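Using the sequences and the hints, build the whole thing.
Going line by line, the protein sequences match chains B and Y. All residue numbers for the first sequence refer to the numbering used here, where the first residue is 321 and numbers rise by one. All residue numbers for the second sequence refer to the numbering used here, where the first residue is 321 and numbers rise by one.
FYI, nobody ran anything at the bench for these hints, they're computed from the structure. Warning: the hint list may mix true and false statements.
To be verified - Partial pick of chain B residues on the chain Y-facing surface, computed with a CB cut under 10 Å: (1) 358; (2) 360; (3) 369; (4) 382; (5) 412; (6) 416; (7) 448.
Stated by the list, open to error - Here are the simulated DSS-like pairs of lysine-lysine, each with C-alpha atoms no more than 25 Å apart in a straight line: (8) B:348 to Y:426; (9) Y:447 to B:447; (10) B:385 to Y:385; (11) B:380 to B:426; (12) B:359 to Y:438; (13) B:379 to B:348; (14) B:447 to Y:359; (15) Y:447 to B:385; (16) Y:414 to Y:447; (17) B:380 to B:433; (18) Y:438 to B:447; (19) B:359 to B:414.
Stated by the list, open to error - Distance windows between CB atoms, simulated: (20) B:364 to Y:400: 18 to 28 Å; (21) Y:438 to B:445: 17 to 27 Å; (22) Y:433 to B:447: 37 to 47 Å; (23) Y:385 to B:398: 13 to 23 Å; (24) Y:380 to B:365: 18 to 28 Å; (25) B:376 to Y:382: 36 to 46 Å; (26) B:447 to Y:366: 15 to 25 Å; (27) B:376 to Y:445: 13 to 23 Å.
None of these values were measured; they are calculated from a predicted model. Heads up, the beta-carbon is just placed ideally off N, CA and C, and yes, glycines get one too.
Protein chains: 2
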Amino acid sequence: MKRIVTLLSLIGLGVLQVSAQNEKESQKLLRHVVLLSFKEGSTPDQIKVVEDAFAELPKKIKEIKAFEWGINNSPENLNQGFTHCFFVSFASEKDRAIYLPHPEHKAFVEVLKPVMDKVLVIDYWSKN
Amino acid sequence: MKRIVTLLSLIGLGVLQVSAQNEKESQKLLRHVVLLSFKEGSTPDQIKVVEDAFAELPKKIKEIKAFEWGINNSPENLNQGFTHCFFVSFASEKDRAIYLPHPEHKAFVEVLKPVMDKVLVIDYWSKN
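In structure tokens form, the structure reads like this:
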């Protein structure tokens with residue numbers, strides 16, 4: 321029984337170490353924040369095509385390490401007209417350099433262009 | 321030995337379930353994205369005071385569930401003058417409603433005001 325307990329403790333420690341490592345790695349991600357607004361008159365269907373096309377990129381570009389997005393719901397009215405935020409994470413600047421001119425990314429930009437009003441991009445290495 | 325293997329498998333499954341749950345929860349966060357630029361002539365010391373004061377908020381306001389920030393390093397030149405991104409997460413819109421008028425948040429805004437040039441805020445419920 322003692323051996324089992326020791327074994328379980330070791331496994332427990334291993335799990336904790338992996339978690340801590342993941343936590344540490346997650347603190348080291350390069351964030352790529354893309355804000356978008358759409359041309360007046362863009363239909364919900366046209367906007368959905370863009371949302372879906374962006375959300376497909378992580379399946380097509382392996383350098384995207386994490387991805388999420390959402391629609392502005394801030395009550396502060398400081399969004400300067402931007403309605404959409406896409407939040408892309410990379411493990412390195414090298415991976416970002418592969419992403420930016422990637423054919424799949426370029427194809428997405430072509431989908432976006434006809435309906436896009438404004439774009440703002442800010443990237444940062446995440447610190448806590 | 322068979323029992324140990326079964327026990328280990330069950331523990332493994334438990335760990336996976338907890339991970340999956342955390343993953344699911346992390347997909348449900350309300351993100352609060354704050355972009356800042358500073359007045360021309362602001363010194364690095366003045367800017368550091370703001371960075372440090374913002375980074376102190378998670379210790380003072382328990383409704384902040386996650387926090388990270390960083391300085392723009394995008395090569396795309398689409399950052400519209402914004403240099404800083406602060407990325408705050410809440411578990412609910414109720415928690416955000418506590419944060420926004422919170423005395424510690426208001427005290428931070430007073431620290432920020434004298435050196436701030438522009439601010440942009442966009443919030444979203446994260447989707448994948």
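Here is how each hint holds up against the structure:
This hint is violated: residue 358 of chain B has a C-beta 14 Å from the nearest C-beta of chain Y, more than the 10 Å allowed. The interface hint given for residue 360 of chain B is violated, since its Cβ lies 19 Å from the closest Cβ of chain Y, which is over the 10 Å cut-off. This hint is violated: residue 369 of chain B has a C-beta 16 Å from the nearest C-beta of chain Y, more than the 10 Å allowed. Look at residue 382 of chain B: its Cβ only gets to about 16 Å from chain Y, farther than 10 Å, so that hint breaks.
For residue 412 of chain B, the interface hint is violated, the least distance from its beta-carbon to any beta-carbon of chain Y being 12 Å, above 10 Å. This hint holds: residue 416 of chain B has a C-beta 8 Å from the nearest C-beta of chain Y, less than the 10 Å allowed. With a least beta-carbon distance of about 6 Å to chain Y, the hint placing residue 448 of chain B at the interface is held under the 10 Å criterion. Between residue 348 of chain B and residue 426 of chain Y the alpha-carbon distance is near 29 Å, which puts this suggested pair outside the 25 Å criterion.
Simply put, residue 447 of chain Y and residue 447 of chain B have alpha-carbon atoms about 23 Å apart, close enough for the 25 Å limit, and the pair holds. Distance check on the hinted pair: residue 385 of chain B and residue 385 of chain Y sit about 22 Å apart at the alpha-carbon level, within 25 Å; holds. Restraint check: the Cα-Cα separation between residue 380 of chain B and residue 426 of chain B comes to about 12 Å, which is no more than 25 Å; the hinted pair holds. Using a Cα cut-off of 25 Å, the hinted pair residue 359 of chain B and residue 438 of chain Y holds, with the two alpha carbons roughly 23 Å apart.
For a cut-off of 25 Å, the pair hint linking residue 379 of chain B to residue 348 of chain B stands: about 22 Å separates their Cα positions. Simply put, residue 447 of chain B and residue 359 of chain Y have alpha-carbon atoms about 23 Å apart, close enough for the 25 Å limit, and the pair holds. For the hint linking residue 447 of chain Y to residue 385 of chain B, the alpha-carbon distance of about 15 Å falls within 25 Å, and the restraint holds. For a cut-off of 25 Å, the pair hint linking residue 414 of chain Y to residue 447 of chain Y stands: about 19 Å separates their Cα positions.
Note on residue 380 of chain B and residue 433 of chain B: the hinted pairing holds, with a Cα-Cα distance of about 20 Å set against a maximum of 25 Å. About 22 Å separates the Cα atoms of residue 438 of chain Y and residue 447 of chain B, which keeps this hinted pair within 25 Å; it holds. Taking the CA atoms of residue 359 of chain B and residue 414 of chain B, the gap is near 33 Å; set against the 25 Å cutoff, the hint is violated. Separated by about 26 Å at the C-beta atoms, residue 364 of chain B and residue 400 of chain Y satisfy the suggested range of 18 to 28 Å.
A hinted range of 17 to 27 Å holds for the C-beta pair residue 438 of chain Y and residue 445 of chain B, which are about 22 Å apart. Between residue 433 of chain Y and residue 447 of chain B the CB atoms are about 23 Å apart, so this pair departs from the stated range of 37 to 47 Å. Between residue 385 of chain Y and residue 398 of chain B the beta carbons are some 21 Å apart, a value that agrees with the proposed interval 13 to 23 Å. Here the CB-CB span from residue 380 of chain Y to residue 365 of chain B is close to 44 Å, at odds with the stated 18 to 28 Å.
For residue 376 of chain B paired with residue 382 of chain Y, a C-beta distance near 37 Å keeps the hint of 36 to 46 Å intact. The supplied range of 15 to 25 Å is met by residue 447 of chain B and residue 366 of chain Y, whose beta-carbon atoms lie about 19 Å from each other. Evaluation of the 13 to 23 Å hint for residue 376 of chain B and residue 445 of chain Y yields a pass: the beta carbon distance comes to about 20 Å.
Hint compliance for this structure: hints 1, 2, 3, 4, 5, 8, 19, 22 and 24 are broken, all remaining hints hold.
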